[in-house]
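Peer 1: In order, the protein sequences belong to chains V and H. For the first sequence, our numbering assigns the number 18 to the initial residue and increments by one for each residue that follows. For the second sequence, our numbering assigns the number 11 to the initial residue and increments by one for each residue that follows.
Don't read these hints as lab results, they were simulated from the structure. Small disclaimer: the values here were computed from a predicted structure and weren't measured. Just so you know, not all the hints are guaranteed correct.
Stated by the list, open to error - DSS-like mimics (lysine-lysine), calculated; alpha carbons at most 25 Å apart, straight line:
1) V/LYS142 to H/LYS225
2) H/LYS49 to V/LYS142
3) H/LYS225 to V/LYS182
4) H/LYS87 to H/LYS98
5) V/LYS117 to H/LYS98
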Amino acid sequence: MGFADFLGNEATVRHLREALAADRLPHSLILAGPRGAGKYTLAIMLAQAANCLSPAETDGLPDFCGVCSNCERIGQAADLNARVDEALAARDELREVDKKETRILVQTHPDVLVIPPDPPQLLIKLGQVRTLIREIYRIPAQARRAFYIFTSSAFMKEAANSLLKVLEEPPEHASILLLTENPGELLPTIRSRASTFRLGAIPLEEIEALLAQRRTDWKPAERALIARLAEGAVGRALSFDLAGYLASRADALVILRNATREPDYSTLFRMTETYRAGAEGQEKTAGLLRAFHALLEDLLLLREGAPHLVRNIDLQKELAALADGVTLAWIEAAARGAQAVESGMRRNLLRSLALDSFATQLVR
Amino acid sequence: MLVGVEQEKTVQGASMEISVSRQDLLRELTATQSVVERKTTIPILSNFLFEAGDDGITITATDLDQSIRTTCAAKVKKPGSCTIPARKLYDYIKLLPEGDISIKLLDNHWVQIRSGRSNTKMVGMARANFPQVPEFPEASITRIPVASLKSLISKTIFAISNEESRYTLNGALLILKAESIAMVATDGHRLAHIEKSGEDFPGIGPEKKTLIPRKALSELQSLLSNTDAEALDFADDDHTLYFRIGARVLTSRKLTGQFPNYEAVLPRDNNKFVVVRSEDLSGSIQRVAQFADERSGAIRIRIEQNELKISSSSTETGESEDTIDSPYTFDPIVVGFNSAYLLDFLKAIGNTGEVRLEFKDSQSAGQMRPEDGSEDYKYRYIIMPMRI
């Protein structure tokens with residue numbers, strides 16, 4: 018156990034550990050990076066390193082043992098999805114009146130509070146920030162430094178605003194970590210109160226090597242495809258849901274083919290009909306749009322003569338053929354259209370209609 | 011999920027079997043169940059921890075901020091430990107008739123509860139998941155009389171701030187001196203201060219100040235009113251406060267931050283005063299407050315020529331005035347207050363006896379004191395005036 022298990026982004030990790038060593042870890046920090054870059058993993062590791070009961074040093078910088086009671090309990094939060102599922106199950110068992118007011122929190126160690134976006138809206142809500150405000154001024158019971166980790170930057174407006182005062186006047190003994198894929202999503206007033214650390218993409222070769230070592234259950238061709246699709250994010254590569262992606266991509270291809278070749282509306286509408294309301298539909302739509310963006314990116318790369326960078330390598334031939342039929346302006350318009358659908362989703366547009374309108378507009 | 015550091019005592023298939031009288035068990039569960047958080051998504055926190063030793067059981071509940079641990083006499087057939095869903099157990103035990111209850115740990119954290127011809131099984135969680143609860147320290151314990159602390163809490167707790175952002179005001183300050191004990195609470199608009207002299211705290215230096223969170227105070231209040239003990243043990247370390255009342259131990263994590271320098275705001279030259287019966291004052295304020303501005307609850311107090319006039323007016327409801335006769339020989343004075351703050355104090359002194367209102371001028375804080383307060387207790391309540 019230790020920071021050695023954290024792959025890539027050595028510079029950022031070193032900076033944070035140096036801050037720990039000097040006892041100057043910022044009271045509020047933003048950890049930015051794409052999905053699966055290891056933001057949460059790093060946040061948990063920092064909490065462990067700051068509170069390890071038998072602290073070790075590696076490379077002259079603080080590390081953690083992973084087995085002492087603090088490390089172990091904090092480490093139990095590492096599998097966030099499982100903990101959130103447990104919390105959801107616990108909420109389901111509450112009385113009806115209490116359910117509405119109960120927010121999802123993960124606290125495997127009394128002094129490390131993980132605040133995930135609250136389902137079903139998947140936003141950080143006021144009740145969660147209130148809990149933080151109530152808890153953070155208590156002296157840590159078993160830790161040297163208390164950690165409060167927001168795993169998403171999708172805040173309800175009032176929740177974000179109520180966080181400002183604590184960010185401005187944080188207690189001596191606590192750090193607030195804000196994890197985000199896009200720092201621009203946070204309020205400027207939050208950004209200005211926190212220091213930002215970034216996790217970047219790690220090179221394709223490193224990811225391929227890692228997959229070859231850890232995911233021997235995948236076929237080499239799958240590994241090559243996944244390594245490219247992970248966009249340099251370790252966590253995403255290791256836990257890639259290829260089947261889910263391929264399904265989304267098949268749907269995205271329907272839109273693409275429909276737009277660039279002979280339109281086949283019955284196939285298109287049969288597909289868009291499966292995108293329904295609710296949390297499941299939301300995820301499915303997000304997957305479709307991501308796959309669509311990935312395909313557009315490949316088309317762009319093929320058109321502009323950089324075929325070695327294509328991510329969907331298994332579709333290279335078909336994509337090359339498609340690329341010949343589109344212009345740069347069309348690709349740009351398509352990307353904008355997909356973004357419009359995305360922002361429409363946030364405004365609760367009817368998903369299947371939004372997709373229909375988007376797909377028909379693309380037809381040249 | 012949480013893992014206590016303490017190792018499970020029984021390694022091979024945990025076991026526990028006890029028999030306890032329903033009356034004893036219910037009494038202890040009632041005392042501990044209030045810290046069990048209703049709205050928690052951390053499953054283990056909605057459980058009681060039962061630990062059976064050789065001569066009885068201990069029951070623990072915690073919400074990570076505070077914990078209560080209590081002991082209960084029981085016949086222990088097999089020592090061991092287990093966790094039991096708190097709410098369900100408490101509701102179930104309440105419904106059982108008087109008699110002995112047997113609790114037995116089965117496989118996979120199932121717990122069997124039998125009493126007379128009732129037989130119930132419910133599923134708990136692994137004992138190892140139960141959070142570690144701090145142990146009462148051995149050193150530097152202060153014994154505080156139960157009656158004193160109870161009275162101190164009830165006379166200050168209402169003045170604690172509800173505003174989350176003013177975190178240093180979310181508790182009351184306990185001040186122990188060698189021969190006195192005092193408590194202060196404020197929300198920035200009013201301040202309640204009570205001091206009891208004639209105590210004896212050996213081992214307390216010149217002064218020991220401790221900020222006690224509101225949640226802990228209300229737990230303490232209910233523990234203190236349900237005990238026969240004369241005195242409680244109080245101790246603290248870097249991060250936790252401990253109160254031991256009889257066989258029950260309450261712990262609470264400390265709050266950070268400095269309680270404001272309240273001594274600076276205690277008025278010194280409020281030399282105009284009037285004495286009225288609490289009951290009269292309370293009645294008048296309640297009547298007049300009906301016609302006060304709904305948001306501020308502001309009422310005007312005018313004192314002149316042996317008369318205390320309380321009045322209010324609002325554009326929506328109308329206006330109202332009450333007059334109480336009382337000797338007053340100083341310069342006339344008019345001052346506005348929040349009626350709710352005045353009533354809080356009158357309620358705290360039980361609306362009995364006489365109360366003395368002391369003023370300086372209409373821009374300065376007013377002070378209220380019970381007129382016939384006993385020698386030992388010095389109780390004062392300071393309210394900031396309102397402009398009306």
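Peer 1: Each hint: holds or not?
Peer 2: Hints, verified against the model:
no., hint, verdict
1, V/LYS142 to H/LYS225, "23 Å, holds"
2, H/LYS49 to V/LYS142, "15 Å, holds"
3, H/LYS225 to V/LYS182, "22 Å, holds"
4, H/LYS87 to H/LYS98, "24 Å, holds"
5, V/LYS117 to H/LYS98, "20 Å, holds"
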